[in-house]
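*Asks:* Below are the chains, spelled out letter by letter.
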Amino acid sequence: MIRKSGLVAAGLGAVFCVATVAAPAAAETPKRGGILTYMIPADAPPSFDGHRETTFATVHAAAPFYSVLIRVHPNNPSSTTDFVCDLCTEMPTPTDDGKTYTFKIRQGVKFHDGTPLTAYDVAASWRKIISPPEGVSSARQSYYAIVDKLETPDQATVVFRLKFATGAFLPALADPFTWIYEKAILDKDPHWYEKNIMGSGPFKLAGYEIGQSIKGVRNPDYYHPGQPYLDGFTGIFAPKQAVRVDAIRADRAAGEFRGLPPSARDQLQQELGDKVVMQSSDWNCGNVITPNHKKKPFDDVRVRRALTLAIDQWHGAPALAKIANVKTVGGIVFPGSPLAATKEELQTLAGYWPDIEKSRAEARRLLKEAGLEGLAFELLNRNIDQPYKFVATWLIDEWSKVGLRVTQRVVPTGPWYESMRSGNFDVVVEASCNSVVNPLLDVQKYLPHTVFTENYGNYEDQQLIDLYQKMLRETDGAKQRALMRDFEKRVLDTEAHEMVMTYWNRIIPLRSYVKGWKIGPSHYLNQDLANVWLDK
Amino acid sequence: MHRYIVNRVLLLIPTLVGAAAVVFVLMRLIPGDICVLRLGSGGMSVNPRAIALCHAELGLDRPLIVQFLDFVWGFFRLDFGISMWSGKPVAEEIAARLPISLEIAVLATVIAILIAIPLGTISALKQNSWIDHVVRTVAIAGIATPSFWLGIVSLLAVLSISHAVFGAPWMPPIDYVPFWQDPLHNLSVAILPALTVGYRYSAVTMRMTRSAMLEVLREDYIRTARAKGLVERLIVNRHALKNALLPVVTLIGIEFAFLIGGLVVTEQVFNINGVGRLLVLAIQNQDYTLTQALVMLTVTIFVLANLVVDLLYAWLDPRIRFA
Chain P
5 MIRKSGLVAA GLGAVFCVAT VAAPAAAETP KRGGILTYMI PADAPPSFDG HRETTFATVH
65 AAAPFYSVLI RVHPNNPSST TDFVCDLCTE MPTPTDDGKT YTFKIRQGVK FHDGTPLTAY
125 DVAASWRKII SPPEGVSSAR QSYYAIVDKL ETPDQATVVF RLKFATGAFL PALADPFTWI
185 YEKAILDKDP HWYEKNIMGS GPFKLAGYEI GQSIKGVRNP DYYHPGQPYL DGFTGIFAPK
245 QAVRVDAIRA DRAAGEFRGL PPSARDQLQQ ELGDKVVMQS SDWNCGNVIT PNHKKKPFDD
305 VRVRRALTLA IDQWHGAPAL AKIANVKTVG GIVFPGSPLA ATKEELQTLA GYWPDIEKSR
365 AEARRLLKEA GLEGLAFELL NRNIDQPYKF VATWLIDEWS KVGLRVTQRV VPTGPWYESM
425 RSGNFDVVVE ASCNSVVNPL LDVQKYLPHT VFTENYGNYE DQQLIDLYQK MLRETDGAKQ
485 RALMRDFEKR VLDTEAHEMV MTYWNRIIPL RSYVKGWKIG PSHYLNQDLA NVWLDK
Chain R
2 MHRYIVNRVL LLIPTLVGAA AVVFVLMRLI PGDICVLRLG SGGMSVNPRA IALCHAELGL
62 DRPLIVQFLD FVWGFFRLDF GISMWSGKPV AEEIAARLPI SLEIAVLATV IAILIAIPLG
122 TISALKQNSW IDHVVRTVAI AGIATPSFWL GIVSLLAVLS ISHAVFGAPW MPPIDYVPFW
182 QDPLHNLSVA ILPALTVGYR YSAVTMRMTR SAMLEVLRED YIRTARAKGL VERLIVNRHA
242 LKNALLPVVT LIGIEFAFLI GGLVVTEQVF NINGVGRLLV LAIQNQDYTL TQALVMLTVT
302 IFVLANLVVD LLYAWLDPRI RFA
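Protein chains in written order, with the working numbering: chain P, 5 to 540; chain R, 2 to 324.
In short, the hints are calculated from the structure, not lab data.
For each residue, glycine too, the CB sits at the ideal point set by N, CA and C.
Please note: incorrect hints may appear among the correct ones.
As the list claims (entries may be wrong) - With the Cβ distance kept under 7 Å, some of the chain P side facing chain R (calculated, not the full set):
1. Asp-47
2. Ser-141
3. Lys-199
4. Ile-214
5. Arg-369
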């Protein structure tokens, strides 16, 4: 399987995320003490093993208990290049033509049970992520297929040797799920961390009521001086948005860290005024519309192109943004990233033409040519309001404007995945959600299923794979960007394999006394709460 | 009476085994696979080898009849196994959620009884008066109003009123604390959902009390009691109400049993981490062991509540036990 690689060196060179804070944040001296209560918009996580899970529920509940090797800068999480050490002492300069990364591990770090943390623990955790033992699941194993060897020459050094040099390695290494576990525990039972929590992070576990709440208390032995500022935290699980909003209104909770829709933002701002601060950012998540190429008539590129040509994203996005947590029109690369298409570049692609009447006329022509005027089909969707149902409802209306008759089939998450895996759908509303922005990894979503197993379009496209391979191996930033445009054109226009909908908008409400936390482009990032403090 | 009790208890066994068979079969009819759900969360690809290992770990690779017998045998030993989703003992998962559901059910029942029986009786005694009309209106409104809607509105009302009066919105705590740790906090969490559910519950019970009382008040023995000059309070309390309560007791028993696992929507509205919410989660996650245990818990409570009702019947009306 191909996974990540190539360089992103030039591409990852900028702070791209549009992050805004509703109130000015002056540089203030953090205060010690207090308990932060926040809402976790989920039921209990399936397990506490970050290596295994992909859900934010695991991160929002358990990240404060763990350390990682490197991370996105907690005070600058919207940057794609600002990676800093957590457990290492210094960000390494790659050697061996960019293929070897040597990390020195902090000394004196202790797990919460008092055991000293060494490079052996770091290596054991990373080995579990990169090559888990049989029967152990690692959600991001394929991210690290580029790692050839992992060595621990001594108890203070970890060496990653790569198969080839790639700028994608460090962002992948900063993945927020890559928690460091105790080697001795992993050796005894690699499943132990699924049901138990024991790390070396800023907080120690104080209690967990299944599906109700999780509590942490300050780790006095934490290795970042002065941190954490809080005495502790309580995360309350609440899947229903109304409950979370009410809790913030009544100050039963100081906020949440996933994201609320604009209506909830407006309601809270109206009622609480300056007692609540909103931070917002483009979100490295978006809905992707995938036609099932194995089902007629979606094997016909004319039909797929007609679907995308019927959609007016430029006018739809501002309207949708008023009611749903979506905002920015983009292509296959996160908007604002140096590898992303500019507006002018996007407007040359099907589905992004500035003249919607011309675009829809072309859609009608293609449908007529295919003998499929008035085509009826079913749009499979996930039973989640924001923004899935909003986006799908808008899409159905857009498609009706070229005579397509679409019905929506909304199913719970399990059957939704099941239908995609089994190919039991006509067209599906998917989502592509990533953490650290890493375009070469992120766009693998559009590679055929034989290459990227989480692609459900059921298409084969050797030309696309070849293009991707070439892009991976291109070291010149400008050329890589040009290849990305070719790749994007093939995915969205020439073959219209997929349609990328408006990127999500992350809106985080926090009571104004919560300080120190900064928004990033992903709800997985920056959740260890070490730099959060309460101005009370 | 003893023989009656023994007969009723023995009848529980085939009832429970039948229910177990229905639950077991229905769960297997739901399309999907818990291992695919568990290992493929977030849309990640699922390795067939990992799926096979997961099936073996959960015992899903065994013949269905073996799984069923294992489930039934475990049930009668009160060993519900391990949750297929969380890996924690099912008993632990349920024990964490049962107290709050039980507390709301008990509180709602107390509220319902305190409202329904006096008002239902007065309504019957004052038939067709303005009091009767008011009580019936309140009862019909209670039946017609969905509990979840009432829950949402009552929460919003508390928030708005507190905002208007105190200048800041207030709502009850949303984290459950056991009664013995902090009674005030505990009751603050439980009282609004209990009132919400209790209102509907009282409305149904009130209607039943009223109609049962009306029927009894027309009986010959009531007329006889009045004819021999017994005071009205004695007639109502000793002769009419006691007999009228027979169907009311049945209703209360069944409603109480329903509340243990049936507060699904109310628990969502108030973020109550109870048995109802757990059942929804278990079904969504295709957690066979947890769903089976929860349904069997509800069935058992229903059956036991019915048993208690039957025994109360027999105690209240000797004709039943001698029939």
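*Asks:* Work down the list of hints and note, for each, if the structure agrees.
*Replies:* Hints and how they fare:
The beta carbon of Asp-47/P is positioned within 7 Å of a beta carbon in chain R (closest approach about 5 Å), and the interface hint is therefore held. Taking 7 Å as the C-beta contact cut-off toward chain R, the hint placing Ser-141/P at the interface holds, the least distance being around 5 Å. Given hint, Lys-199/P at the interface with chain R, holds; its Cβ is 6 Å from that chain's nearest Cβ, closer than 7 Å. With a least beta-carbon distance of about 5 Å to chain R, the hint placing Ile-214/P at the interface is held under the 7 Å criterion.
Evaluation of the Arg-369/P hint against chain R yields a violated restraint, the C-beta minimum of about 35 Å exceeding 7 Å.
Checked against the numbered hints given earlier, this structure breaks only hint 5.
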